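Enquirer: Each chain, written out:
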Amino acid sequence: MHDTWLKLFEISIILGLLIPSAAMLVWVERRLIGIWQDRLGPNRVGPFGILQSFADLIKILGKEDWVPPFSDKLVFIVAPVIGAVCVLMSFAVIPFSPNIGVADLNIGLLFFLAMASLAVYSVVLAGWASNSKYALLGGMRAAAQTVSYEVFMGLSLMGVVLLSGSFNLREIVLSQQSGWFIQTQFVGFIVFFIAGIAESHRLPFDLPEAETELTAGFHTEYSGLKFALFFLGEYLGVMLISCMSVVLFFGGWLMPEPLASWLPAIVWYLLKVSVLVMVFILLRTSLPRPRFDQLLLFGWKYMLPLALVNLLVTAVLALTEVI
Amino acid sequence: MNFSPIVTMFYLAALIAIVASIKVVTRKNTVHALLYLVISLIAVAVCFYLMGAPFAAGLEVIVYAGAILVLFVFAIMLFGLREDETQYAPSHHGISMWFGPVTLALVLLAQLLYTINHQGIQQQLSATVIDSKQVGILLYGPYLLAVEIASFLLLSGLIAAYHFAKDVTHGGQQ
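Chains as they are written, first to last, in my numbering: chain W, 1147 to 1469; chain V, 6 to 179.
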């Protein structure tokens, strides 16, 4: 019984830190984009504008939480919750440090993939339940995009599974003690990262909500708290993909020896994650948005063969014990 | 019968699966029916997990709930079906229409009852965990032929889909 309370305490600490940091990420992103585009960004609320997200939250809470009369009400309300819950559930299997992490599941990687594939429903159902043309188009784009990119997101990770011989994320981290998987699985990492951007609907793959052509895509009809949930889900998704990349390809909390003793493991882990989050933001500022058919063609014609060849080469090299 | 937490969770998940499955066939709204099907599949995955097959549970969610049913929802969204289009359904509800499905369902029910009563099977359902490695060894060992046949089937399905989807009207090459 004592263990259960300890676990519950750990879960609430992790959730209590995750959600505010996702909100902070909004400010970090706006500020960084501002700097890279040679302007200031939000710098008025608090020192360096650090309380901007808090101000945004107050604004969002003050808005009317409107459910359109023409919508499918229950599905309309449930859709944003599904998205946020699926992403938060995925964090349960992530090993943050040698002894921090909610669940040590022996199918951790599969659990992550399962939650990622269930998260599609959030966007698809939001688009359908809104009962408006723009939202429906956004929802359909989201379904096509996510189903396509999911295929090789899973395939790109199989190289890592092959090398570590486990679906358990903690064991995957521990098997990188002799060298991070980014050395041998560079192609796998690139494919995973691109698929991850597509899964979290970030620029340049934000076609489901492309504001220039679909007003706001699947969340056109959403406002107030329900919109905030979509927003939160997106930024949690960015953090999730970064966390997973670090666990699978950058050795998790591990560091080479002289560096490892300088800082605690969890700090190293968070530092690696924040570098990857910055890459996400930098990609957003520097890349244009492709057309939708280009997006799907790119996926099936380049990413899928690349992931398959990567898996084949890894399998051959692992069998002949080269790596 | 002892009700340990695991057993209670199993029956809870099984109950959810049954209720959701009933809702699938009674809903008028197609998308709602599909959503209940998703819930039913997730509940079945929980049952698998509790019975010591985590790999099967994971694949159940990824493949069925996460991929196939998304495509179902996608298709229904694409065709804009909202209410079940009852005017196109066959109108006569005679015995001849019920006979086939009822017979098949009864056979299945008989099989299920026999399996539940059979003692040997109940003992096999102890808490042995079957991990992904064992599943892989079984698939590429004794069941290799089945895997190969399934892959032939999928490949032919893929080729057929490609053939049907090919655009021949707008100067597409044969």
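These are computed hints drawn from the structure, not numbers from a lab. None of these values were measured; they are calculated from a predicted model. One thing to keep in mind: the hints can contain errors.
[Claimed, not checked] Chain V stretches covered by chain W per the calculated footprint, using a threshold of three residues with CB under 8 Å from any CB of chain W:
(1) 59-65
(2) 163-171
[To be verified] Straight-line Cα separation of at most 30 Å, DSS-like style, residue types lysine-lysine; simulated pairs:
(3) K33/V / K1279/W
(4) K33/V / K1153/W
(5) K33/V / K1219/W
(6) K28/V / K1219/W
(7) K1447/W / K28/V
(8) K1279/W / K171/V
[As the list claims (entries may be wrong)] One-sided excerpt, in silico: chain V residues whose CB lies under 7 Å from chain W:
(9) V75
(10) Q139
(11) G141
Heads up, the beta-carbon is just placed ideally off N, CA and C, and yes, glycines get one too.
Enquirer: With reference to the structure, classify each hint as holding or not holding.
Expert: Hint by hint, here is what the structure shows:
no.: 1; hint: 59-65; result: holds (count 5)
no.: 2; hint: 163-171; result: violated (count 0)
no.: 3; hint: K33/V / K1279/W; result: holds (23 Å)
no.: 4; hint: K33/V / K1153/W; result: violated (43 Å)
no.: 5; hint: K33/V / K1219/W; result: holds (16 Å)
no.: 6; hint: K28/V / K1219/W; result: holds (18 Å)
no.: 7; hint: K1447/W / K28/V; result: violated (40 Å)
no.: 8; hint: K1279/W / K171/V; result: holds (28 Å)
no.: 9; hint: V75; result: holds (5 Å)
no.: 10; hint: Q139; result: violated (12 Å)
no.: 11; hint: G141; result: violated (11 Å)
Of the hints listed earlier, those the structure fails to meet are numbers 2, 4, 7, 10, 11, in rising order.
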